Structure formats: structure tokens, C-alpha cells
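Visitor: Each chain, written out:
There are 2 protein chains.
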Amino acid sequence: MNERAPGRGDDTRSRLIEAALAVFSERGYAAATTRDLASRAGANVAAIPYHFGGKKALYLAAAAHVADRIATHMAGPVGDAMEMIGDPAADRSRLLAQLGEVTDAMATLMVGSDEAETWAGFIQREQAHPTEAFDLLYEGAMKNVTRTIAGLCARISGRQPDDPDVAMDMFGIMGQLLVFRTSRAAVQRRLGWDDYRGDRLAAIQAMVRRNTARLLTPDDGARS
Amino acid sequence: MNERAPGRGDDTRSRLIEAALAVFSERGYAAATTRDLASRAGANVAAIPYHFGGKKALYLAAAAHVADRIATHMAGPVGDAMEMIGDPAADRSRLLAQLGEVTDAMATLMVGSDEAETWAGFIQREQAHPTEAFDLLYEGAMKNVTRTIAGLCARISGRQPDDPDVAMDMFGIMGQLLVFRTSRAAVQRRLGWDDYRGDRLAAIQAMVRRNTARLLTPDDGARS
DNA sequence: GTCTATAGTCGGATAGAC
DNA sequence: GTCTATCCGACTATAGAC
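These protein sequences, in sequence, are chains A and B. Residue numbers for the first sequence follow my numbering, so the first one is 25 and each next one is one higher. Residue numbers for the second sequence follow my numbering, so the first one is 25 and each next one is one higher.
Fair warning: there could be bad hints in the mix.
Since the list gives no way to pick out one identical chain from another, each pair is judged satisfied if it fits inside one copy or across any two copies.
Unchecked claim - Each computed SDA-like pair below joins lysine to any residue, with the alpha-carbon atoms no more than 25 Å apart:
| hint | residue 1 | residue 2 |
| --- | --- | --- |
| 1 | Lys-167 | Gln-184 |
| 2 | Lys-80 | Ala-55 |
| 3 | Lys-80 | Ala-227 |
| 4 | Lys-79 | Thr-58 |
| 5 | Lys-80 | Arg-213 |
| 6 | Lys-167 | Arg-213 |
| 7 | Lys-167 | Arg-59 |
| 8 | Lys-80 | His-153 |
| 9 | Lys-167 | Trp-217 |
| 10 | Lys-80 | Arg-51 |
| 11 | Lys-80 | Glu-125 |
| 12 | Lys-80 | Gly-164 |
| 13 | Lys-167 | Asp-218 |
| 14 | Lys-167 | Thr-36 |
| 15 | Lys-79 | Asp-219 |
| 16 | Lys-167 | Val-69 |
| 17 | Lys-167 | Ala-55 |
| 18 | Lys-80 | Thr-58 |
| 19 | Lys-79 | Asp-111 |
| 20 | Lys-80 | Ala-114 |
| 21 | Lys-79 | Asp-186 |
| 22 | Lys-167 | Gln-212 |
| 23 | Lys-167 | Arg-224 |
| 24 | Lys-79 | Thr-57 |
| 25 | Lys-80 | Arg-238 |
| 26 | Lys-167 | Asp-219 |
| 27 | Lys-79 | Arg-59 |
| 28 | Lys-167 | Arg-39 |
If you are wondering where the hints come from, they were derived from the structure by calculation, not from laboratory data. Treat the numbers as computed from the prediction; the structure is a model and nothing was measured.
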């Protein structure tokens with residue numbers, strides 16, 4: 025149970041990736057120092073060039089790790105949804121419920137989890153100024169999730185999956201939950217929420233489910 | 025028309041702030057170098073300590089500038105909305121239309137404008153890891169805007185302005201438009217949009233208006 | 001008010017002992 | 001596989017000429 029009892033550097037590599045997520049996320053690539061990275065991993069500075077070849081390669085390894093974490097966490101709901109999209113028998117209410125499963129999982133991971141707290145900044149930087157690392161994130165995780173949500177929206181609203189309006193609805197839905205991460209400090213000021221535990225996460229999930237249903241309901245009867 | 029014909033340093037100060045927004049936004053505080061800041065402003069490194077006292081003071085000056093830009097841009101729709109909120113005669117459809125004016129203005133500024141391209145990263149970093157600068161942003165601009173949107177939502181849906189559910193709807197509405205900035209690279213991949221000019225901005229505004237109306241309509245008749 | 005020169009600190013990467 | 005020592009470049013801020 026000692027910090028590095030068995031074999032030493034057996035997992036210096038993974039500790040470095042863990043530290044990289046935290047440090048790069050918090051400070052950004054250029055501002056993160058190899059000394060920070062190493063000391064937070066309980067390792068030596070020279071371990072970075074040794075294990076990864078350099079600071080940049082460690083950054084890419086961290087991106088791949090995030091993509092993997094997202095893909096793993098979303099695999100269940102996304103897989104079920106993919107199946108349902110391919111099933112012509114799936115009706116509107118089942119599709120909508122499955123979309124709720126997907127958004128719930130996404131909210132749990134991206135908004136409510138401790139780990140997202142760690143690497144959210146990582147993703148946000150790559151969204152604003154994509155580097156090679158964004159390829160890893162997008163191809164490894166985001167692509168599947170966005171395609172799944174868009175596919176469900178398309179089926180539910182009777183449009184084509186590649187309709188740009190469907191993509192916009194998809195981003196709108198994701199925006200409603202992601203805003204709680206991207207506008208964290210504003211949420212803190214307005215609602216006094218210091219974290220998204222328990223009830224608060226559930227409230228966000230419920231709001232997204234409710235709004236999603238309304239958003240994908242054709243205007244029948246309601247004039248606006 | 026020469027880059028600095030009249031009086032030289034007459035506006036070295038404002039050029040430094042302009043440059044600060046771009047550089048801090050792109051690279052973050054720690055990674056931004058005074059050399060970058062100065063050269064992008066066409067000024068000397070020593071001009072920073074001279075005009076502002078140091079790098080940090082320049083950062084705060086840049087934050088104040090952003091707050092001012094947002095407040096100025098939103099002043100019209102927000103002012104009109106404030107008035108309407110106080111007017112008991114304002115009916116649902118007028119309130120909803122005014123909310124559309126506010127979200128349109130916000131989308132124009134935060135998503136569609138060239139300047140937002142410049143300083144969006146600045147705000148995003150402060151949302152994730154607030155410093156003194158966030159106070160300037162929040163008190164100087166965000167507070168009024170969020171309060172206005174929440175106030176309109178409250179009136180439209182017949183709830184109290186300080187109801188947490190109202191705040192959540194407010195964030196949900198803002199999230200739908202902000203996501204186009206915070207998930208910029210994903211939008212580029214999915215929709216192929218390299219910018220938000222013309223039709224695209226209009227499409228985002230229309231989506232937000234449409235969704236806002238649905239979101240604030242009580243479930244009458246529609247079962248879900 | 002703006003510049004050059006420089007002081008003092010800290011960055012990433014490498015060499016070589018263990 | 002991990003460490004210490006060290007090179008060399010880049011950083012912020014200051015001093016002082018103009």
C-alpha cells in the first residue's frame with residue numbers, strides 16, 4: 025500500500041498520465057512544467073523523456089486516456105441506442121427513453137464525476153484550439169456519442185440523420201448539460217452550487233430529459 | 025494610417041489590452057509571455073510594467089475591457105427586458121419575444137462576432153478556475169444578463185425569479201447557444217462549419233428561440 | 001514615453017552514475 | 001528504470017540612456 029512499493033516504476037507511466045491530466049487540464053500545455061508533472065506523479069523529471077519521449081508525447085498519451093475513459097463510460101447506453109436505431113420496431117417513447125439514458129450517462133460523466141473535474145479543461149482547450157490531441161478525442165469518443173444522439177433525434181423527429189437541423193438539436197441538447205461544466209463559476213454564483221453531487225446532478229438530468237422531450241415534439245396545438 | 029503615427033504611445037495602452045485579450049485567451053495567463061504581448065501590440069516589453077505595473081495588472085485590465093464590451097453590447101435588449109419585467113401589463117408573447125431579443129444579442133456577440141473569437145477563451149478559463157478577473161466579468165456583465173434572462177423566464181412560466189428551477193432553465197437556454205462556442209471543434213467536425221457567419225448564426229438564433237418557447241410552455245395536452 | 005541591456009529565475013532535455 | 005547534475009534557452013522585471 026506504500027506509494028510505490030512493488031517494482032517501483034511498474035506504474036510510473038500511469039501515474040504520469042494521471043498527473044498529466046490534472047496539470048495540463050488546469051494550466052494548459054505550455055504553462056504546465058515537466059517539474060510539476062513529475063512531482064505530482066511522485067516521479068523524477070527525467071522519467072518523462074524516458075517513458076514518453078518528451079512533454080508533447082505525454083500530452084497525447086493523456087488525450088488518448090481521456091478518450092478511452094469517455095468511450096468506456098458511454099459504451100453501454102450508446103451501444104443500446106445504436107441497436108435501437110437500427111430496429112424499425114422501436115417506437116418514439118422507447119427511443120426517447122434511450123436518449124435519456126445517453127444524456128444521463130453523459131451528465132454523470134461530464135458534469136457529475138470527479139474525474140471530469142480533472143480533465144474537463146483538457147477537452148475545452150482542445151475544442152477552442154484543436155491539436156493532434158483533438159483527433160484522438162473526437163475519433164476515440166466524441167464521434168460515436170454525437171452520432172448516437174443525432175441518430176436518436178432523427179428517428180424521434182422523423183428526419184434524416186444527416187440533416188443539419190438534427191445536428192443542431194443534438195448540440196442544443198448537449199449544450200444544456202455541458203453548460204454546467206463550461207460555466208461552472210457562473211453556476212456557483214447564481215445557484216451557490218459548489219459541486220454537482222446527488223440531487224443537483226439528478227436535477228440537471230431531469231431538466232435535460234424534460235427539455236429533450238419538448239424539443240423533439242412537433243408543435244401540435246401549441247401556437248407560438 | 026501608419027501603425028503608430030500620431031503621438032506614438034498615445035494608445036500603446038489600448039493596443040496592449042487588445043493584444044492581451046488575444047494572447048491570454050489563446051494561451052492562458054501563465055503561458056502568455058510578455059514578449060508575445062508586447063510584439064503583438066507593436067510595443068516594447070518594458071511598456072507593460074510601465075503602463076500597467078506588470079503582467080497581472082494587464083490581465084485584469086483586459087478582463088475589465090471584456091466585461092465592458094459585453095455590458096455595452098447587451099445594454100439595449102437587457103434594458104428593455106428589465107423594463108418589461110417590471111411592467112405587470114406585459115403579456116406572455118411580448119415577454120417571450122423580448123427573451124428572444126436577449127438570446128439573439130447574446131448569440132451575435134458570444135458566438136457570431138469576431139471579437140468573441142478573440143476573448144472567448146479568456147472567459148472559459150475564468151469559468152473553470154476563477155481568479156480576481158472573474159469578479160470583474162461577473163459583476164460587470166454576466167450578473168445583469170443572467171438576472172434578466174431568469175427574470176423573463178420567471179414571468180413567462182409564472183414562477184418566482186429566485187426559484188432554482190428558473191435558474192436551471194436560464195442556464196439551459198444559454199447552454200444551447202454557448203455550446204457552439206465551447207464545442208467549436210466538434211461543431212466543425214460534425215457540421216463542417218468553420219465560422220458562424222450569416223445563415224449559420226441565424227440558424228442558431230432561430231433554434232434557440234424555438235426551443236425557448238417550447239421549454240417554457242407548460243405540458244398542456246402533450247403527454248410525455 | 002520608449003528603448004536597450006542586463007540581472008536573476010526557471011524552463012525542457014540530456015548525460016551518466018547507480 | 002530511476003536518479004543527480006548540468007547545459008542552454010527563454011522568461012519577467014528593472015536600470016538607465018535617449
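Visitor: Please name the hints from earlier in the document that this structure breaks, with their numbers sorted from lowest to highest.
Guide: 3, 7, 11, 14, 15, 16, 17, 19, 20, 21, 25, 28
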